Amino acid sequence: MNMDLLIPIIITLVGASTPILLAALGELVVEKSGVLNLGVEGMMLIGAVVAFAVTFSTGNHWLAIVCAALAAMASSMIFAFLTLTLSASQVATGLALTIFGTGFSALFGQAYTGKPIIIFDSMFPDELENHPTFRVFFDHSPLVYFSLFMVFAVWWFLNKTRSGLILRAVGENDFSAHSIGYSVVKVRYAAVAFGGAMAGIAGSCFPLLLTPQWAEKLTAGRGWIALALVVFAAWKPFRLLAGAYLFGLVMTIELYTKASGSMGLLPSEFWAALPYLATIIVLVLISLRRSGNSAAPACLGKPFMPGQ
Amino acid sequence: MQIRLEKRLEPSKAMLYLTPIGAVLVTAIVGMIVFSLIGYDGIGAVREIFLTPILNPLKWQDLAVKSAPLIIIAVGLSIGYRANVWNIGAEGQYVVGALFGTAVALVTRDMSGPWILPLMIVSGMIGGMLWASVPALLKTRLQVNEILTSLMLTYVAIQILNYVVIGPWKDPMGFGFPQTRMFTDSQLLPRFIPGTTVHWGVPIAAIVALLVWFLMSRSVFGFQIKVVGAAPSAARYGGFSVNKTIWLALLCSGGLAGLAGVLEATGPFGRLIQSFPTNYGFTAIIVAFLGRLHPIGIVFAGLAMAICVVGGEVAQTTIKLPVAAVGIFQAMMLFFLLASDVLVRYRLRVVSRGDVEVAR
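Those protein sequences? They're chains G and Z, same order as listed.
When we follow this note's numbering, the leftmost residue of the first sequence carries the number 1, and every step to the right adds one.
When we follow this note's numbering, the leftmost residue of the second sequence carries the number 1, and every step to the right adds one.
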């Protein structure tokens, strides 16, 4: 394969992977604290519509990303209040959050149907951005570099800082963490807020990076793929990076077969279904490898109710 | 003065059944305020969504028709949820049910006889079961999370539907529309009440709810489901197989979602079209919770949700409220219900500061 074809493929692949990577990094931290938030898809949709609206009315991409993060974080606080303060079922509340986000984005997004925005493109000088070879490093949106930085930041936070240690302790053994004086609920609130902000930024990638047009449910289940990716990565940030790019590859194949019109022997619907099939296959493969000995945080999904 | 939560010795039965009603009422009030604040006619929205469908007798048949699939799917899901088996891919099983039914319809299109429709319905149920058996197999053999697999399969099912209605199953006389041919007379679900849109799916929904109620409260099967959900280790000790329960739960919920799918295809639709999936599978999740995972509760919850769906359509034409607003109402209902669960398990007590000090 020649370089003229390979480089655009790599750039598309990295772009397609970025929202999944960002959302999955947020969810990884949430799950490490022992909370399972199934509302990722809904929070991403909220981030997407807010980012679109802010970009459309101000043209400021940075402001759009910040607003998307804040809006999705606010919605994650509904989840946190219900599950952490009122100890409601995390599965049911997460689903409710996804239904809420879907409705929210559809309601506020419909005003923007058919109105284009400007994509959040590379900020490097034109010589680097358009260089035949080096553009593979430079022709990316700032969101891409941010996602790569966050892989490292999340790894460093979880493994090299005291706060990260406390967060992991809360997720592995909430009662012990509680009895030596850490506030389990506060730590989990903070983790859920971080997950919400990351999902919001992930959602902002859809209008700012991938399709600068509003479409209902434009995240198309990517939030759920992010959830699967966290399991795939065995709750490790760098493995998450590899997993996200693997999914990016699958989605890029779909885009290229559609664009070139050469589907081969298979219909385009097969390629559209492939990322979801790949998710199932990947989940099967990891469970075969690990043979039941899961790397999940011990308290994942269980409500914390001290003194009972 | 401070409000404190006190744990009840036993969950309150009264609160268990009253809180869903409270959740609907609070949703209406909060919805009215929120929609007014963002510039819609909030009072009009609540009136059209919650009251018009009840007060206007012309809408009653719509309520019955819309609640039937919701009830059938939600009753199936409730079996799984009681056992902590989280099938959230009912939408996919619903679509596959319709696909299987339609496959029979296409094969039998030159035949006639009273056996065709029952055969379609049974194949629809088998289709739903097959689609749900994938998460069941992966969960029991490999401990793969059924939430993710059942949901991913929904996206796959919708792509299969897109493929067949655009490709091999497209009606050659359909002017290129993405749809199959109309079903023949022996393939269509007859009306239950002539002269209305109320088809046989409505009484079937009632029968399904009663049957599952009986099964859950009177049979070993129901007992096994409840024990596995409430106390998995006790269930193992008592000789109940957790894997068998997972299989049963997913086959029941998948089969019922498939049934709902084939009834919708042979009833209101009369053919398979690209816009066949209308979120019944996801809305039914809310219905299952709102009905407290109890078949009879689900009948009421299904009717309440149908009011919301029909009312949403009314509000769309009368006060130009976007359809998506209904989704927000539904999500709010579930949020308030989950929040009110705390009242089932706890008692609110207003205490003065002095009491708090003493308690410490």
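Worth double-checking, as some hints may not be accurate.
Claimed, not checked - Using 20 Å as the maximum straight-line C-alpha spacing, the simulated SDA-like pairs for lysine to any residue come out as follows:
hint: 1; chain 1: Z; residue 1: 170; chain 2: G; residue 2: 270
hint: 2; chain 1: G; residue 1: 302; chain 2: G; residue 2: 148
hint: 3; chain 1: Z; residue 1: 226; chain 2: G; residue 2: 182
Unchecked claim - Beyond 10 Å from chain G on every Cβ pair, some chain Z residues (computed):
hint: 4; residue: 44
hint: 5; residue: 61
hint: 6; residue: 145
hint: 7; residue: 174
hint: 8; residue: 213
hint: 9; residue: 241
hint: 10; residue: 273
Just so you know, these hints were derived from the structure itself, not from any lab.
This one's a predicted model, so the numbers in the text were calculated from it and none came from an experiment.
The C-beta atom is built at its ideal place from N, Cα and C for all residues, glycine as well.
Hints versus structure:
A C-alpha spacing of about 18 Å is found between residue 170/Z and residue 270/G, which places the hinted pair at or below 20 Å, so the restraint holds. Simply put, residue 302/G and residue 148/G have alpha-carbon atoms about 31 Å apart, too far for the 20 Å limit, and the pair is violated. Distance restraint check for residue 226/Z and residue 182/G: the Cα-Cα separation of roughly 35 Å exceeds the 20 Å cut-off, and the hinted pair is therefore not satisfied. Every C-beta of chain G lies more than 10 Å from that of residue 44/Z, the closest at about 16 Å, which supports listing it as non-interface.
With a least CB separation of 26 Å from chain G, residue 61/Z remains clear of the 10 Å interface cut-off, as annotated. With 10 Å as the threshold on Cβ separation, the claim that residue 145/Z sits away from chain G is violated: the shortest Cβ distance comes to roughly 7 Å. Distance to chain G confirms residue 174/Z as a non-interface residue, since its nearest Cβ pair spans about 19 Å, more than 10 Å. For residue 213/Z, the requirement that its beta carbon stay farther than 10 Å from each beta carbon of chain G is met, with the minimum near 22 Å.
Against the 10 Å criterion, residue 241/Z stays outside the reach of chain G, whose nearest CB is about 17 Å from its own CB. Non-interface call for residue 273/Z relative to chain G: holds, since the shortest CB-CB distance, roughly 16 Å, exceeds 10 Å.
Figure legend: structure checked against the earlier numbered hints; hints not met, in rising order: 2, 3 and 6.
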